[in-house]
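Peer 1: Each chain is listed here by its residues.
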Amino acid sequence: MAEEAPKPEELAQIDYRPPGRDWREPAVELRKGTFCYSAAPKHLEYLGLPNPRPWQPFEADWKLPADWKQTILQGMKERLDRFRSFRLFMDICVRCGACADKCHFYIGSGDPKNMPVLRAELMRSVYRRYFTAAGRLLGPLAGGRELTPDVVKEWFYYFYQCTECRRCSVFCPFGIDTAEVTMMGRELLNLVGCNINWILEPVANSYRTGNHLGIQPHAFKDSLDFAVDELAEMTGIRVEAPINRKGAEILYVIPSAETFGTPHYYTLLGSLLLFHAIGLDYTFSAYASEGGNFGLFTSHEMMKRLNAKIYAEARRLGVKWILGGECGHMWRVVHQYMDTMNGPADFLEEPVSPITATRFEHARSTKMVHICEFTADLIRHQKLRLDPARNDHWTATFHDSCNPARSMGLIEEPRFILRSVCSRFHEMPENTIKERTFCCGSGSGLGTDENFEMRMRGGFPRANAVRHVRDKFGVNLVACVCAIDKATLPPLLEYWVPGMNVAGVHELVGNALVVEGEKERTTDLRGESLKPKEERAHE
Amino acid sequence: MTGAGVGSAPLTGALAAGKDAIVRAWLARTLEAYPERTARFLAQEGDPFRNPVGQTLKEALPALFDELLGAMDAGRLSTLLDGIVRIRAVQDFTPSQATAFVFLLKKVIREQMDLPPHLSPLPLRGAGEGEGAMALAAVEGRIDEMALLAFDLFVRCREQMYWIKADEARRRTSLLERMRERP
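First to last, the protein sequences are chains R and U.
This note's numbering numbers the first residue of the first sequence as 1 and each following residue consecutively.
This note's numbering numbers the first residue of the second sequence as 1001 and each following residue consecutively.
Please keep in mind that the hints were generated in silico from the structure rather than gathered at the bench.
It should be emphasised that the depicted structure is a prediction, and the values quoted were computed from it without experimental measurement.
We put the CB at the ideal spot given by N, CA and C, even for glycine.
Hints may be right or wrong, so weigh each one.
Computed from the model, here is a short list of chain U residues facing chain R with C-beta under 10 Å [to be verified]: (1) Phe1049; (2) Arg1142; (3) Met1161.
Simulated restraints on C-beta separations [said to hold, decoys possible]: (4) U:Arg1024 - R:Ala98: 23 to 33 Å; (5) R:Val514 - U:Arg1040: 55 to 65 Å; (6) R:Leu88 - U:Glu1159: 44 to 54 Å; (7) R:Glu535 - U:Arg1171: 44 to 54 Å; (8) U:Gln1160 - R:His426: 26 to 36 Å; (9) R:Gly139 - U:Asp1167: 47 to 57 Å; (10) R:Val514 - U:Arg1171: 56 to 66 Å; (11) R:Pro140 - U:Leu1115: 26 to 36 Å.
A few chain U residues that face chain R, going by a derived Cβ cut-off under 10 Å, partial list only [to be verified]: (12) Ala1033; (13) Phe1041; (14) Arg1050; (15) Val1053; (16) Thr1056; (17) Glu1059; (18) Phe1065; (19) Asp1066; (20) Glu1067; (21) Arg1076; (22) Thr1079; (23) Val1090; (24) Cys1157; (25) Ala1169; (26) Ser1174; (27) Met1179.
Make the full structure from the sequences, and use the hints.
Peer 2: This is the structure we're talking about:
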């Protein structure tokens, strides 16, 4: 041993630099904390997905089916033929680099394969090798890569790391939607059974019982009854929370987390109070009890399958149109896929606000309106009595959730609402909000706990901007309109910006809303004491 | 920490005079832990919101260097080191890689001061190089203190992640528990 000990001069030569690696080398180190665990076989079996078996990404043998290579290449061919966008995205990138430093995972991790251009290249290189003449003939010289088991592992690692937030696509001069490359990557991985539990369990539950946790109708009713009781205690008003009521004018679809998770639940309280205040003729559905659609993160067929239940319930209940709650990726599905997957919903009517008579022309085709559009319209027409002082314990900022901001252009409505219900509101820096918003780092089905480190990396750019407004303006609350944000921003901010709170926009609406017949509010919707009204008035 | 300044040896003066070059070299060496393309981005992108990792390093390293030559204030050191270590605790680094940037300063100082990399920092009784070696030993001792603090902070960040995960699990069920308790 002694003669092997390094001499001082040798010790001084230790090189801290990592060895340089060629990006075409696919081997990845799957270190716990950076990836999600595999889907349990029972969920694959329930959904009829291929290759159900027990396996884990950290094991050497992923138990791929014997014909895995042929299956993936055949799947790729079918999708190239079927989706013009996919073929275009494989062909037209000129590697200008505009997207390279726009990804929150690249910014937070420094891993070059998180540059969107390079992440897509992981698939493009295989496309070139097998689907272009130059690649077939020249292989690596034409930018082609062999499809090997290591490439499958690499795809799994990076395509289940991208949160499909589409920030990079905002900067692409060709409009390449890199999220769709990730979506295709995940579809192909699903063909050989490489998928994650945090996506497929909610998918199986949604398919079976209608929501992510598999909450059955009686339990769904219990949750709403509980909310009604708590609201009665806080406000003195007993609201209605109708379920499966045929003939209602509007079907209200929420992310199911509002019925069991915090802080989501306070958003539910706010919206229940709002609907009572304006006398809205609406109903929940115990079957379309989930706005979220993790099918979007699985395959286009799965997305269609889960989305169909919303239209099916709208038809069964005989409503005129659909109002959607504070859900994130639901709006990507609604605005960009629903109409062509399950539409046109011509059995529904073009949405018209029963309170203001505003016609929501942009929803003429999908028949589905965002609750922020609905509420902003109510405030614009002065249909609500609001006391913003009831939110004076908050100094708020707004985190644009990726999908509402980038997929449906919901930019101004939530801000208009927040400025109406809060006295103190401050924006984060311009290049971190609106269509350039930074993702929470946990979207697209990656908000679980086994990949916590990766979530902290991806969420750092967002948290960094929150820290800025905390230091500059004393912001203590991040408002948002996405259930995944509400679940994953609290732990993210606890790590990077301790003491920060997270709330839904309609929680703050509910706080400020003055409802006829209510008792004097002594608490906010969280049950936390408010200062007496006279003191608030003198501030 | 140590409290007073590191002394008035010629080395300290030379270090203070060479601050810009030393800090620049320290940043460059620290960034070498990242792939080349990333290191370039982290060094060059000046917008703190597009490049929070690079910005954190660019702000903290000069301030840490000032502390090294100055008061070694424990509170300020903790804040500065935490900014860097908190990031590296969630990146693809082992604990030693995550805290290695502190030790790199020794290397950089010796390079910038034209000292041999393997010069024994221990003052040899009666040896002519005693005073200079003593001053270097004092500086490197302070760097060791910083490294120990960085390691404490690294472990604290890792522990914090486990607490946060536990809290996250509790938050998921807190409302269900309230519902269950309701008569």
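Peer 1: What are the numbers of the hints the structure violates, in ascending order?
Peer 2: 2, 7, 10, 11, 17, 18, 19, 20, 21, 22
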